[in-house]
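Novice: Here's the letter readout for the chains.
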Amino acid sequence: MKQIQGSFIRGFVTIVVSGHMPEMFFQECVRRGITVWNIKRENKKTCSGNVKLSDLREVKRIRREFQYKISFRERKGFPFLFSRFFRRKEFVLSFIASIFFILFMSNIIWKVEITGELPKEIEEKISKQLNEYGVHPGAWIFTLDPPGKIQQKLTEDIPELLWVGVHQKGTTYHLEGVEKIVVKEDKVEGPRNIVAAKKGVIKRMYVSKGLPIVSINDYVEPGKVLVSGILNEVDNNAGNEDGKDKKKPVKVAAEGEIIASTWYEVDVTIPLKKNYELLTGKKEKKYFLGFNNFTFPVWGFGKPEFEAIHYDSNQTPIKFLRWELPIFIKETTLSEKQYHEIVRTHEEAVEAGIKQAKEELQLQLGPEAKIVSEKILHESVENGKVKLYLYMTVEENIAKAQPITQGD
Amino acid sequence: MSKLQQRLRPWLVKYLSLPSDVVMELPRMTIIGQLHVYIENHKGLSVFTDNELRLKTTKGYIQIKGSSFVLKMMLPEEILLEGKITEVKFIPA
Chain A
1 MKQIQGSFIR
11 GFVTIVVSGH
21 MPEMFFQECV
31 RRGITVWNIK
41 RENKKTCSGN
51 VKLSDLREVK
61 RIRREFQYKI
71 SFRERKGFPF
81 LFSRFFRRKE
91 FVLSFIASIF
101 FILFMSNIIW
111 KVEITGELPK
121 EIEEKISKQL
131 NEYGVHPGAW
141 IFTLDPPGKI
151 QQKLTEDIPE
161 LLWVGVHQKG
171 TTYHLEGVEK
181 IVVKEDKVEG
191 PRNIVAAKKG
201 VIKRMYVSKG
211 LPIVSINDYV
221 EPGKVLVSGI
231 LNEVDNNAGN
241 EDGKDKKKPV
251 KVAAEGEIIA
261 STWYEVDVTI
271 PLKKNYELLT
281 GKKEKKYFLG
291 FNNFTFPVWG
301 FGKPEFEAIH
311 YDSNQTPIKF
321 LRWELPIFIK
331 ETTLSEKQYH
341 EIVRTHEEAV
351 EAGIKQAKEE
361 LQLQLGPEAK
371 IVSEKILHES
381 VENGKVKLYL
391 YMTVEENIAK
401 AQPITQGD
Chain B
1 MSKLQQRLRP
11 WLVKYLSLPS
21 DVVMELPRMT
31 IIGQLHVYIE
41 NHKGLSVFTD
51 NELRLKTTKG
61 YIQIKGSSFV
71 LKMMLPEEIL
81 LEGKITEVKF
91 IPA
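Sequence order for the protein chains is A and B.
Heads up: the first sequence at position 53 corresponds to 53 in our numbering, and the numbers run straight through without jumps.
Heads up: the second sequence at position 52 corresponds to 52 in our numbering, and the numbers run straight through without jumps.
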């Protein structure tokens with residue numbers, strides 16, 4: 001029976017043979033290696049039997065050699081079902097339409113989930129921000145930025161978030177946020193001194209609590225006590241009664257701001273020639289439908305009118321249910337760029353170097369420090385670069401709290 | 001030569017106990033009740049009607065009689081007959 005197996009899949013035909021001794025026709029078929037089954041004698045002159053669709057050509061060849069008449073009665077199997085299916089246009093159309101529908105649905109966001117232990121208001125803020133980016137149920141997935149970019153944007157736009165993880169899981173966007181808990185700087189509680197954090201010459205002092213030990217224009221080394229927290233107050237009551245100058249130390253938390261002039265030595269090198277690219281802001285977008293390495297333009301034809309182009313591509317695969325198809329949509333942004341070349345004179349280079357050094361130092365010291373003056377200690381030109389050795393004077397707060405260790 | 005072979009074959013079957021249907025080119029028939037007859041090693045169909053099947057063999061014919069016969073499967077040397085079998089007969093040529 002193995003020979004008949006699978007005949008429904010590949011299709012078979014019931015043929016009716018008529019003529020003298022019709023069974024001999026099947027005998028001839030079998031002799032040539034055609035499998036025949038369910039042979040029935042209909043009446044004296046006719047016989048019916050099943051033949052595979054693939055053997056039909058051979059059967060027709062045998063018929064030409066003999067004087068039998070053959071008619072086809074039934075066609076069964078998938079090939080016939082398929083042809084009947086494809087003859088009906090509505091079926092085919094609706095089938096294609098449904099595939100496109102699923103394709104369409106698979107590329108839409110259905111759900112945006114925010115997890116993590118976040119307060120309600122931050123959660124709302126996130127969903128509002130996401131709406132602004134276009135991440136909301138019903139949005140096309142391939143018009144959105146990749147999750148990494150959304151992640152970056154979210155952490156930038158919502159300062160309360162310490163970290164946010166954005167994962168795309170099929171048609172849902174999973175967001176996991178961690179709130180930033182603003183921890184106040186640990187203040188030294190209890191009695192304390194103010195000591196110098198850096199070496200410098202004191203310029204101004206504002207002491208609100210405590211006993212200043214140094215005075216303006218004093219040079220201090222790091223660690224030196226500037227404002228003491230131990231006050232030697234006269235205990236008035238005791239002094240009056242006993243008639244004795246009895247001093248009792250009182251410990252307080254010293255507070256104050258000590259502005260000192262400090263100095264830094266900085267090295268900078270500035271090239272005399274500099275090349276850089278700048279985007280002008282003119283841009284065009286092109287869309288491609290891609291398959292493997294082959295891309296087919298869908299939208300945005302022709303060359304842009306600018307010559308120097310910066311390409312920025314972004315690929316989004318199209319999904320079918322949960323599988324990613326090998327087809328993808330590629331969005332390419334072409335932006336015009338300009339090449340700039342700067343040739344600086346020696347003086348300009350030095351100026352740029354000083355500016356750069358100042359900026360770097362300001363960044364290092366924080367916004368409260370003030371750079372007062374700078375001086376070039378040494379300069380040299382090497383390999384088209386100006387090397388500067390700068391001396392900078394800065395006025396900044398050098399106060400640092402230090403607890404007074406109790407004797408007990 | 002063929003004469004020698006014909007004398008040699010029964011001897012092979014008898015003393016080496018080789019299967020007789022293979023060695024002597026005889027048809028092998030499997031009958032399941034009155035329902036099926038499975039015939040191997042036949043030499044071709046000669047008559048097939050609703051109530052009779054006649055097959056050629058090396059030494060004559062096999063005649064099977066009954067009613068409502070259907071050839072369930074037909075291959076070059078095998079045949080599967082279905083129907084109500086009443087009679088199996090060997091007709092020497």
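If you are wondering where the hints come from, they were derived from the structure by calculation, not from laboratory data.
It is possible that part of the hints are untrue.
[Unchecked claim] Across the chosen pairs, the derived CB separations fall in these ranges:
{"id": "1", "chain 1": "A", "residue 1": "F101", "chain 2": "B", "residue 2": "I32", "range": "52 to 60 Å"}
{"id": "2", "chain 1": "A", "residue 1": "F291", "chain 2": "B", "residue 2": "E77", "range": "51 to 59 Å"}
{"id": "3", "chain 1": "A", "residue 1": "G19", "chain 2": "B", "residue 2": "K84", "range": "56 to 64 Å"}
[What the hints assert, rightly or not] Calculated pairs, DSS-like style, for lysine-lysine (alpha carbon to alpha carbon, straight line, at most 30 Å):
{"id": "4", "chain 1": "A", "residue 1": "K319", "chain 2": "A", "residue 2": "K111"}
{"id": "5", "chain 1": "B", "residue 1": "K3", "chain 2": "A", "residue 2": "K2"}
{"id": "6", "chain 1": "A", "residue 1": "K337", "chain 2": "A", "residue 2": "K286"}
{"id": "7", "chain 1": "A", "residue 1": "K44", "chain 2": "B", "residue 2": "K84"}
{"id": "8", "chain 1": "A", "residue 1": "K45", "chain 2": "B", "residue 2": "K56"}
{"id": "9", "chain 1": "B", "residue 1": "K14", "chain 2": "A", "residue 2": "K40"}
{"id": "10", "chain 1": "B", "residue 1": "K65", "chain 2": "A", "residue 2": "K45"}
{"id": "11", "chain 1": "A", "residue 1": "K45", "chain 2": "B", "residue 2": "K72"}
{"id": "12", "chain 1": "B", "residue 1": "K14", "chain 2": "B", "residue 2": "K72"}
{"id": "13", "chain 1": "A", "residue 1": "K40", "chain 2": "B", "residue 2": "K84"}
{"id": "14", "chain 1": "A", "residue 1": "K330", "chain 2": "A", "residue 2": "K319"}
{"id": "15", "chain 1": "A", "residue 1": "K2", "chain 2": "B", "residue 2": "K43"}
{"id": "16", "chain 1": "A", "residue 1": "K2", "chain 2": "B", "residue 2": "K56"}
{"id": "17", "chain 1": "A", "residue 1": "K69", "chain 2": "B", "residue 2": "K14"}
{"id": "18", "chain 1": "A", "residue 1": "K44", "chain 2": "B", "residue 2": "K14"}
{"id": "19", "chain 1": "A", "residue 1": "K400", "chain 2": "A", "residue 2": "K274"}
{"id": "20", "chain 1": "A", "residue 1": "K2", "chain 2": "A", "residue 2": "K76"}
{"id": "21", "chain 1": "A", "residue 1": "K203", "chain 2": "A", "residue 2": "K400"}
{"id": "22", "chain 1": "A", "residue 1": "K285", "chain 2": "A", "residue 2": "K330"}
{"id": "23", "chain 1": "A", "residue 1": "K199", "chain 2": "A", "residue 2": "K169"}
{"id": "24", "chain 1": "A", "residue 1": "K40", "chain 2": "B", "residue 2": "K56"}
{"id": "25", "chain 1": "A", "residue 1": "K358", "chain 2": "A", "residue 2": "K400"}
Ideal Cβ positions, reconstructed from N, Cα and C, are used throughout, including at glycine.
Novice: Which earlier hints turn out false for this structure, listed by number in ascending order?
Specialist: 3, 5, 9, 12, 17, 18, 19, 23
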